[in-house]
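A.B. asks: Okay, here's what each chain looks like letter by letter:
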Amino acid sequence: MSRARFGRVVLLAAAASLVLGACAARTGDDGGGDEPDSQPQASAPAQAANAADPAGDGNATCDAGAKLAYAGTINGANAALGQNILNGVKVAVERHNSNNPNCQVELAEFETEGTPDRAPGIVTQIVNTQDIIGVVGLPFSGESKAAGNIFNDKGLVQLTPSATNPALSENGWKTFFRGLGNDNTQGPAAAQFITGELGAENVCVIRDDSEYGIGLANSITEELGDKATCQEQIKTKQTDFSAVVNSLRGSSPDAIFFSGYYQEAAPFAQQLFDAGVEAQFVGPDGVKDDEFVKGAGDAAEGVYFTCPCVPADQFTEFNEGYKKQSGGREPGTYSPEGYDLATILLKGIDSGVTDRAGMLDFVNNYEGQGLTKSFKWDDKGELAESTVWTYEVQDGKIVRNTEIKPS
Amino acid sequence: MDDPAGPRPDPHVENELSIHHSSALYLAQDDSVINFDVAGLVDQFWANTVDGLSQGSIYALVALGYTLVYGVLKLINFAHSEVFIYGAYATWFTFYGLGFRPGPTPELAVFELIGFLLLALLAAVLVSGATAVVLERVAYRPLRNRGAPRLVFLITAIGASFVLQQLIFIWRGGNPEQAIRLLRPEPVFEVFGVAITNITIIIVLASILLFFIADTFVNRTRFGRGIRAVAQDPDTATLMGVNKERVIMLTFLIGGLLAGAAALFYMMKIPQGASYQGGFLLGLKAFTAAVLGGIGNLRGALLGGLLLGLMENYGQSLFGGEWRDVVAFVLLIVILMFRPTGILGESLGKARV
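Listed in order, the protein sequences are those of chains L and B. Counting along the first sequence from 1, when you hit position 240 you're at 240 in the working numbering, and nothing is skipped either side. Counting from 1 along the second sequence, just add 1000 to a position and that's the residue number in the working numbering.
Bound-form chain B, shown alone:
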C-alpha cells in the first residue's frame, strides 16, 4: 500500500488526533449507542467540508431532475434514480468499450484522458436523457392522456423505478460492475491543511457550471419560458400556444441530461458505483436535497444538495458512521418543521420553474 503521491497526515496533527480517538473509543465501549465526538468533528472539519461539497454537487445535479419534473408536472419522479444509474452504466460500458479493464488505474496522457472522459460524458448524458424521455413516453404520457389522478402517477413512478432496476438486474446480475477508473485522485493544492484533489475540483466546478447552464436555460431562453409557463398554469400556457407535451418532454430530457452528467462524476469519484440498486439511496438523498432547498426551485436544489452533502459528513464525524443516513433524513424533518416549503421556498420569483 504505497502511494507516493497521496497526501500524508501532518505528524503533529496525528498525535493530537489519536488522543481524541482513544477518548471516543472509551465512550463507545461505555455501551453508549451514540457518541458525540466533538473533537473529531473539529479536527476533520475541513476534510469533511471538501468531501461533502463534492458529494453534495452530485446530489444537487440529480436533485435538479426531481425539481424540474416536480415544477412542471407536480410529480415526484421516483424513477429518476434509475435514470441516474443508467448513466452510470453507460459510463462503465464506455470505459469498457474503450478497452479499459478493471484493475490498476492506467497512466494516460492529458488529452487522451480528456477525450475519453468527454466521450463517457456524452454516452452517459445520452443514455440518461434517452431513458428519461422514454420513461415519460411509456409510463407517464398514457396516464396523462387518460387524465389519471395524481396518486396513480406516483405509484407508476415507483413501479417504473423497480422495472428499470430489475432490467439491469436481469441483464447484469447483482454484483456491481468491477471498478474501472481512468483518473486517480491526486492532490492539486491545499486549503486549511486539506488536500484538494483533481477529481474534487472537476466535480464541484463542472456541477456548478452545469447548474448555471440549466438555470440560464430555464430563465433566459424561449424553451425555458415555455417550461415556466406550463409550471405556473398549464391550461393558460396551452391557450397561449405553448405545446405542453413538448415542454414536458423537454423537462424530462434536461433532468436526464443532468443526471447523466452526475453519473459520470459519481463514477469518477466511486468507480464501483454501477450497481443495479446503486441509484436508490442516492436518488432518495437527492430527492431529500430537492425538498430541503424547496422543491420546484432550481437554486433550492443546488443549495439543498450541497447542504445535505456537508451535513451528512459532519454528522458522521460527530455521531459515528452508522448515523449517516439518519442525519440526512432528520435534517430534512427538522427543516420542514420550520420551513414546510424548504429553505428557499417552493416559489422564488424567476428561479421557480
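Excised from the complex, chain L in its bound form:
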C-alpha cells in the first residue's frame, strides 16, 4: 500500500467514524412526544351528526367525465399550506367515488405555485377546460385577487378554503365563495386574544408585502388601537431580518404579531429568539404549519397561532381517510375546510348538476352543515357564520388552544 493511498484510507476512516458516531449519538433525541394537557385547552368540536358526507346514499348516478379541480400551490411557495387542502379535497373525492360506483368524479390538479403572477395563466387554462364544473381553490389572497375575474368571466364556481383577504368579496365576482371567515374576523379576534388572554399592552405588528399580510395587518392594527405600538415591514423571500430584529429589541414589545406566511416567519422567529427578544410570538393561519415549527427550531416552542380554521381532532373518520391519503400525516391547517368545500361540489354533481351554470346555482342556494361549520353564503360569497381558534406549539407539535369568542 503506497503512502498516499494509506493516507486516504486513514482520512476516510476518520470521516466514517465521525459520521457513525454522530448517527449513534443523535437517534435518541426524538422522545418527549407525550400529549400535553397542563394548559387550559378548549375541547375540539365534535363532528356534527348532520355533517355533509361525500359518500351520500351510495346510489348517485352521473355522466362519466364530470370533473372538479383543485387549483393552488402544490410544490410552489408555502407549498405545505396547499398540500393540506389538496389532500383534504382528495379524501372527499375518494370517499365519494368508492361509495358511488355509478358516479365517478375526476379531480384535476393545477399548480399555481401560489404566486399572483403565475395564477392567471393557470386559471385561464382551467376555465378553458370545459369538463371542469367546479373548483376548490386559490388558497392565497394574492393569487385570488389576480385571477378571480377569470373565473367570474367564465362562470366557473371557485370555493376558496383559505384566502382570507376581506377585499376579495368586494369585487362583484359572482363565482367567488369563501369557505371561512375573512381577516376582518381574524384580525379583531387576534387582537382580542393578544391583549386579553395574553395580556399584552405593547404589540408590534409585522407585515410582509403580500395581499394577505397587508390586509390582515391593517385589520389587527386598527383593532389594537393604542396598543399597536410599533410596526415593521418585511419582504417575501427575505431571510436576514437583522435590522428589524434590532429595532424590535429596542422597542421591546410584549407581543409580536407576524402577519404573513411561514416561509418568512420561521427564520424571523428564530432570529428574534437568538437576539433575546422575549416578546410572545403570535402568527396567523399562514404561519400555522409544521413547516414553521421545524423551520424555527428552538424558537417555535410556545408560539401561538390564530386561525379561522377548526381543529380536526374529533373528526375521526376524516382523520383516518386523510392519513391514508397523505401517507400517514395528520390533517393540517384547512384540510377539513378543503374536504367540506369539495363535498359541497360533489353534492352538486350527485344532485344532477352537469354544467357550470347549474353548479353556480347549486352553490348559491346551498345550505348545510359541514365538518367545520354550517355553510350558507350571502350574495358576496361570504359565510354568515365563522369561528377563530387559537393554537399553540407544545413539545414541537401544534395543538389547539381555545376558541376566540367575540366579546
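Bear in mind the hints are in silico, worked out from the structure with no lab data behind them. By construction, the Cβ of each residue, glycine as well, lies at the ideal position given by its N, Cα and C atoms. All clues stand as given, with none of them false.
Which bits of chain L does chain B cover? Going by a derived footprint, with three or more residues having C-beta under 8 Å, they are:
1. 69-78
2. 234-240
3. 246-260
4. 292-300
Fit chain B to the supplied structure of chain L, relying on the hints for placement.
C.D. replies: Okay, now just chain B, sitting in the frame of chain L:
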C-alpha cells in the same frame, strides 16, 4: 421563549427607544409612504453595523466568484447564485447525513462541533466547486469553441441559472429545507453595547481569511499569474504558453470554492436558507457588490460586499424594512453615476485579475 444566554436590552436604552418608536409610528400612520426614522438609525447603529458586516462578508465571498469570472472571461456568470445555493444544500445534507434533524439546536462538544462544521465546509466547497466546473464545461466551453458572441454567453448564463434552480425544485420541491443548525449564536463579548456572537466572529474572520488566501493565490502564485495573464490579454497569454482553458476552469473552480464556503456561513447564520430560489436575490446582491467595488477587482468585491451589507441595514432602519432591496440597488446606481467603473475601478494594478 426563554433564552438565558441571550443578550438583554439595557433597560435605560429601552425606555429611550420606545419613545422614538412611537414617534416613528406616528409618522407611519400619517399615511406617509416612507419615514425617516433618524433616531432609530442612530440607536441601532452599532447593532446594524455588526449584522451588516456579517451579511456583507457573505456577499463579498460570493461577489469574488462573479469578479473572478468577469475578470477572465468578461462574462457575468448569473448562474453563480445557483453554484452558491448548491453549496447550501450540500451543507444541509451533510448535517442531515450526520444524523441531525430539524428542531432544537443540539448541545455539542467543541471538537465535535468543529469536526462537523469542517466536514460541512468540505462538502459545500466540493459541491459548489464541482457545480461551477461542470457549468463551465457544459454551458460555456461549447460556446467558446464555436466562437459565440458575448450576448449568447449572457443568455446562456441566465438559462443555466434557471436549469440549476429547477433541478432542485424538481428534486426537493418548493419548500425550503427545514432548519438544522449545530451552533446557537451566543454573545462572546460586547462592543458599543452590542453583543458580538460567535457566529458573527466566525463568519467575518473566516471570510476575510478566505479573501486573503484568494488574493494571495491570484497575485503571488504561478496559477494566479496565469489567471492574470489571460485576464489582461488572452491571445498573448496563449502565445506565451499559458493554457487558457485550464486557467478558465481554475477560475470557475476558485469562484465555486469560495461560494461553497459562503454557503456554509450563510447556513450557519440562516439555517432556513436552503431553498431552490434562495440564491437568486443573494446572488443579485453579490453581483451588485462586485459592480459596486469595481468588477474584475478582488479587493473591490470585498469592499463592495461589506459596504452593501452595511448600507442595507442602515437603510432599513432609516426608511423601514420594505425599502431594504431598494436601498441596495439605489446605492449601486448612485455610485455608478459618479464612478462608472465602481469604487476601486475595474483595474487596480496588481489586484486586478
